[in-house]
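Colleague: Taken in sequence, the protein lines are chains A and B. All letters in the first sequence, in the order written, are residues 7 to 105 by my numbering. All letters in the second sequence, in the order written, are residues 95 to 654 by my numbering.
Derived by calculation from the structure, the hints in this document are not laboratory data. Please read all numbers here as calculations on a predicted model, not as lab measurements. The C-beta atom is built at its ideal place from N, Cα and C for all residues, glycine as well. Be aware that a few hints might be false.
Unchecked claim - Taking lysine-lysine and the DSS-like style, the derived pairs with C-alpha atoms no more than 30 Å apart in a straight line are:
| # | chain 1 | residue 1 | chain 2 | residue 2 |
| --- | --- | --- | --- | --- |
| 1 | A | Lys101 | B | Lys435 |
| 2 | B | Lys309 | B | Lys342 |
| 3 | B | Lys294 | B | Lys259 |
| 4 | B | Lys259 | B | Lys309 |
| 5 | B | Lys637 | B | Lys535 |
| 6 | B | Lys126 | A | Lys101 |
| 7 | B | Lys126 | B | Lys340 |
| 8 | B | Lys309 | B | Lys126 |
| 9 | A | Lys101 | B | Lys171 |
As the list claims (entries may be wrong) - To be clear about the criterion: a stretch of chain A counts as covered by chain B if any three or more of its residues have a C-beta under 8 Å from a C-beta of chain B, and this derived list gives those stretches:
| # | stretch |
| --- | --- |
| 10 | 37-45 |
| 11 | 93-102 |
To be verified - A few chain B residues that don't get close to chain A, going by computed Cβ distances all over 10 Å:
| # | residue |
| --- | --- |
| 12 | Arg174 |
| 13 | Pro522 |
| 14 | His538 |
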Amino acid sequence: MPRKFTPKVVTANRLLEGDAVWLTADGRWTPDMREAELMDEEAHAELRLLAAQSQADLVVGPYLADAVAGAAGPEPTHFRETFRTRGPSNYAHGKQVEL
Amino acid sequence: MYHYNDFDRAFVQERVNQFRGQVERRIDGSLKEEEFRPLRLMNGLYLQLHAYMLRVAIPYGTLNSDQMRTLALLAEKWDRGYGHFTTRQNIQYNWPALSDVPDMLQALADVGLHAIQTSGNTIRNVTADHFAGAAQDEIADPRPVAELLRQWSTDHPEFQFLPRKFKIAVTGAAHDRAVIQAHDIGIQIVENAKGEIGYKLLVGGGLGRTPMIGKVIEEFVSQEDLLPYCEAIVAAYNLLGRRDNKYKARIKITVFENGLDAFRDAVNEQFARTKPAFSGVDVKLFEEIRAQFAPPAWRNAPVDAYDAAYEADPLFRSWADTNLTAHRAEGYAIVSVSLKKPGQTPGDATAEQMRALADLADLYGHNELRISHEQNVILPHVHKSDLPALYARLREHDLAAANIGLVSDIIACPGMDYCALATARSIPVAQQIALRFEELKLEHDVGPLKIKISGCINACGHHHVGHIGILGLDRAGVENYQVTLGGSGDETASIGERAGPGFSADEIVPAIERLVLGYLDLRSSPEESFLAAYRRLGPAPFKAVLYPEQEAKRERADAA
Chain A
7 MPRKFTPKVV
17 TANRLLEGDA
27 VWLTADGRWT
37 PDMREAELMD
47 EEAHAELRLL
57 AAQSQADLVV
67 GPYLADAVAG
77 AAGPEPTHFR
87 ETFRTRGPSN
97 YAHGKQVEL
Chain B
95 MYHYNDFDRA
105 FVQERVNQFR
115 GQVERRIDGS
125 LKEEEFRPLR
135 LMNGLYLQLH
145 AYMLRVAIPY
155 GTLNSDQMRT
165 LALLAEKWDR
175 GYGHFTTRQN
185 IQYNWPALSD
195 VPDMLQALAD
205 VGLHAIQTSG
215 NTIRNVTADH
225 FAGAAQDEIA
235 DPRPVAELLR
245 QWSTDHPEFQ
255 FLPRKFKIAV
265 TGAAHDRAVI
275 QAHDIGIQIV
285 ENAKGEIGYK
295 LLVGGGLGRT
305 PMIGKVIEEF
315 VSQEDLLPYC
325 EAIVAAYNLL
335 GRRDNKYKAR
345 IKITVFENGL
355 DAFRDAVNEQ
365 FARTKPAFSG
375 VDVKLFEEIR
385 AQFAPPAWRN
395 APVDAYDAAY
405 EADPLFRSWA
415 DTNLTAHRAE
425 GYAIVSVSLK
435 KPGQTPGDAT
445 AEQMRALADL
455 ADLYGHNELR
465 ISHEQNVILP
475 HVHKSDLPAL
485 YARLREHDLA
495 AANIGLVSDI
505 IACPGMDYCA
515 LATARSIPVA
525 QQIALRFEEL
535 KLEHDVGPLK
545 IKISGCINAC
555 GHHHVGHIGI
565 LGLDRAGVEN
575 YQVTLGGSGD
585 ETASIGERAG
595 PGFSADEIVP
605 AIERLVLGYL
615 DLRSSPEESF
625 LAAYRRLGPA
635 PFKAVLYPEQ
645 EAKRERADAA
C-alpha cells in the first residue's frame, strides 16, 4: 500500500550564501520557514518542487520536507529540519540570531 | 619544511584561476549545479546544512607561521572568526559565501596552501604523525615521504575517479600516532637488518560503515620501490574496487572480498608495469624534499628557568605534565596546545588564537606548527627555557588547557550542527562530557582516556578506535547515541565493540560518567589505563556499570 502523504514544504539552500530557504506560496525563497507554503496535496507538492528545481540560478538541491501547521506557520517535524531553521548549537550563528 | 617550487606555484595558481572562472559561470547560469558540483568538490567546497563549507588541506599537518596567519585571515575576512581543525589534519570553514571562495583560495595559494583533493573519489590529504621530526622514538621523519606522496597523488591522471575516496597516513615511529591501521594505505618507516631504511605497507584499513584494521601487504619496501608500489596498489584497487555499491567501494572491501593474497598478486602484476616507468627521478626528488625537512639549528642553553617554574607554579606543572612530550633534541620539548578547553568545540580556534599561535611559533618554535588528527595544535620544537613564557602567553589566549590525552581531550566531528550527512549532533555531547568531568575534578585521576564521537556511521570522529566511542544516530526521529568500548588507534589498534542499546541525548553524559567512575573501581591500580583494564577484564564488568538496570535484573534472575 502506498504511504499516506504527509504535509510538506519545499526547501533548499541558496546558491550564493548557501543558507537554508523555503518556498512561499507566492514563489519567493524565504529564510523564515514560518512563511513557507505548507502543502497538503501530493500532486501540488510535486508541481511546486518542479517549479523550485527550475530555479537553479537561485537555489541548490530543493526537496520536500515534512512539516506541520504551527501557530505562526509551518514547523518542522524532524530535528534535522529544526536545526536548519535555527543554526548550530555551539555558537550563536545563523538563523537563531539573524531572523 | 617544504617550500613550493615554481611548478607547484604555477599549478596551484592555475587551479585557482580555473575555479574562479567556474564559480563565475555557475553564478551567471552557464554551468548547471550538476555540472558545477563535481568541480566545487574537487576544490574542497561542500554545501552543508546552513552554508557552504571549505575544507583546506594541511599536508601532513605541518604549517609555518605565515600559513597559520593566512588561516586566521580566512576565518576573519570571509568566515565568522574561527576555523575547525579536523581529524584528517584539515581545516574547515563553515560559513563562506560562494562568490568569496576564489579569493580565499587565492590567499591560500599565496602561502603555499590549497583545497585540492580534499573531497571526491581521489587520494586525499596525506596525513602523518604530528610529532614528526621532533619525536624521540622515530626512525625517520615521515613528512618527506608524505610530501612525495602529495606531489605524486595531486592531479594524478589515473586516480581522479577512483571507486571511492582514498586516504594515506605515514608514521616514522613504531608507536603509531597517525592511526595508520585505519587508513586505505598505512605506511610505517622501518629499518631492516642491514640498517637500511624502508617502508612497511598496510592496506585495507578504514572506519566508517564497515570498520577494518589494515593488513600488512609488504613488510619492507625500499625507497626506490615505494612510489611504484603505491601506484600499483592504487591501480589494482582502481580496477578491482567495486563501483556498483558505494558502501562496498573502499579498498578495505576489495581486500576483504578478494583476500589479501589475491590482492597482493594483483598489486604485483601492476608493479611489473609501474616499476619500469619510474626512472629513479622519484628517488632524486625525494632526496631534494628531504633536504628541505632538515631539523632547525638546535639551541644549547640551560633549562633552569623551566625547572624553577616547574617547582614554583602548580598550574604550570600540571600543564607541563600533561601537554609536553619528550623531544629528540636535548633541552627541547614538544608542546601540545589543547583546543579542548572544557565547554569549547573540539578543534575550533578563533582567528585571534591562530594569530597568537603563529606569533608563538615565530618567537619560541622555530616557525613551525602542526595540527594533530586529535584536533590540537602542536609546537614541535620549543626550548624548555622558553616554556614558562610560552605558557603565560597561551593562558592570555585561553589556550592553556592541561588535558592532552585525558577525558576532556575529546575528538568530535562537526555532526549535525553543520554536516549535511550527519544523523545526530556530536559537538554538544563532547562539550557536556568535558564540562561534567571538569566539575568532577577527576580527569587527572582517571588518566589516559580517549573518547571519540562521530555524528554518523561515516566515522569522521574515529569512534571505532576510541577507548570509548560514541556514535550519534537517528532512531525514529530522535537523536540516539551508541557506545563502543575498547577501540584503539595506535600500534595495538582494535575496533571498539558495541556495548549495547543506545542512549538518548539526555542519557549519554550520565552513561559515560558511570562508565568512567566504574573503571576507577575496576582498575587493578592507578597505573592501569581504561584500555588496559578493558583488555584485561573484557566487556562484561563495563557493560554492568553502563546498564545498571539490566545488571540488577540479571542479578535478580541469578538469585531466583
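Colleague: Going through the earlier hints one by one, which of them does the structure break, listed in rising order?
Modeller: 8, 10, 12 and 13
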